[in-house]
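Q: Single-letter residue listing:
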Amino acid sequence: MSKPLASIVAAGCSKFGKRTGVMARELLVEAFQEAISKSKDPDIRKKIRVGFFGNFSEMYEHQSHVAPILADWLGFHDLPVIRTEDACASGSAALRTGIMAIKSGLYDVALIAGVEKMNNRRTNEVLEGLAMASDIAIEQWSGLTFAGIFALMATWHMHKYGTTETQMALVAVKNHKNATLNPKAHMQKLITVEDVLKSRIVAWPLKLYDCSLITDGAACVIITKPEIAEKFTDNPIDIVGSGSSSDHESLIERKEISDIKGIAKATREALEMAEIKIKNVDVAELHDCFTIAEILEYEEIGIAERGYGGKLLEEGATNLDGWFPVNPSGGLKAKGHPVGATGIAQIYEIFLQLRNEAGPRQIKGAKIGLAQNMGGSGSTHFVHLLKNRS
Amino acid sequence: MVSIEEFYSKLNEGELYGGKCSNCGNITLPPRQICPKCLSTQIDWYKLSMTGEVESFTLITVAPKNFENEAPYAVCIVKILEDVKFIGRIKISSQNEIKVGDKVEFVIEKSISNEWPMWPKIYLKKLN
Ligand SMILES: [Zn+2]
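Chains as they are written, first to last, in the working numbering: chain A, 1 to 390; chain B, 1001 to 1128.
Only chain A is shown next, with the shape it has when bound in the complex:
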């Protein structure tokens, strides 16, 4: 096992949902208070040297330049701060930047946060804002939504490999079930395959229940140099691998439109860095922005052969009690997808799982966890591997 890149000593996450009457910065205060309350050092706040803030759109709160404002609301008035924006991967972009900051030796303690407050606008306006992450010169211009972009991948995958709408529905059923065990999840409702198939079309073949939620939320972690982590907690979680990549945003440039090659590349990089094999991963949070995405991700991270992702769901392989549990938190699908917060919320879930603090959704004895987060149509990618010290 290689030396960790950095260690997570504290983590917090706001309640996810339609958070009427709360602004983004206030959601982050909620997450931050939880994080610092978990450290055994009551002065951990004063040890933070730098902050990286993942946030996607200026449109929702008519607010760009969020980094100093967020820091200010957390009580930092002279902290070096940077905002990262990589669409739905903005949070993981903050984490990877933070890891580089720690690994470079420039800082020893960093705050990594992600936040998005999306529910101030009508749905069509929110979709317009999200669509801005696709290529204006081709995708936006054609009237595509993100559901539409993933639907194009789904139609192709159904045509070429025989993936079915029922298999996609099984992703939603599983993740909704997991979310009922997560009090912070946006959705708290069990659904059936039939519910998904009967829900109204959003972008065929994707229906309402195939889509992640428009959610308000924030999450944060505090990371340190590995050798000082135990000053802040008796149970630090090490970041042992970090992989990243990019690809054409526009699907028409991809040889096969349902291949999201950047996931495979980022996963490989993270696994090699950590000297871990995918089969040794005990729990994973995958970017299920749409049900088809989770299926394609099984294939890209290497737990299913190309075209066979849907089969894993029929076998229950990725259920909480399966051989490769995916999205115990409920995922983007049911926990919710506050764009800039999503990558960090995935890390929060893995942090809980590896510390045996995930309550009724705990994967027994989980030692190694993987978080996969992507932006746009799968054009920015981050994969992180976490490990406990037991």
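No lab work stands behind these hints: they were computed from the structure. Cβ atoms here follow ideal geometry from the backbone N, Cα and C, with glycine treated the same way. Only true hints are included.
Restricting the straight-line Cα-Cα distance to at most 27 Å, the calculated cross-link-like pairs of lysine-lysine (DSS-like) are:
hint : chain 1 : residue 1 : chain 2 : residue 2
1    : A       : Lys-261   : B       : Lys-1037
2    : B       : Lys-1065  : A       : Lys-198
3    : A       : Lys-46    : A       : Lys-225
If you want the footprint, here are the derived chain A segments under chain B, 3+ residues with CB under 8 Å:
hint : segment
4    : 117-129
5    : 136-150
6    : 200-209
Dock chain B with the ligand against the given chain A, drawing on the hints supplied.
A: Coordinates of chain B with the ligand only, in the frame set by chain A:
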């Protein structure tokens, strides 16, 4: 020199041109100054057919704000040549009205906008 604005102004006149790499022959839509395959900067305009085959499609019923008034519509990825694809939308109300492999023709609606982007709308018509 190729450019996106020129690509769309040609399309406004009803003609679809890609950027063809004179080194490796790769064609991109819209054209770019650097070939994504071989990184050559020798890119020339190359006239493409206005017809192709549906490679994939989606029926959009919940549209972004700027397209709300048009919904529902299908967006199709259309294969014009091997490895040369483009996107257009077609006014239909059920996914059963179209399938992978259908032959389609691009139908261009000139831009009437006087602010950027003054790009045409790109529709599709089914051919039989
Ligand atoms: Zn070339």
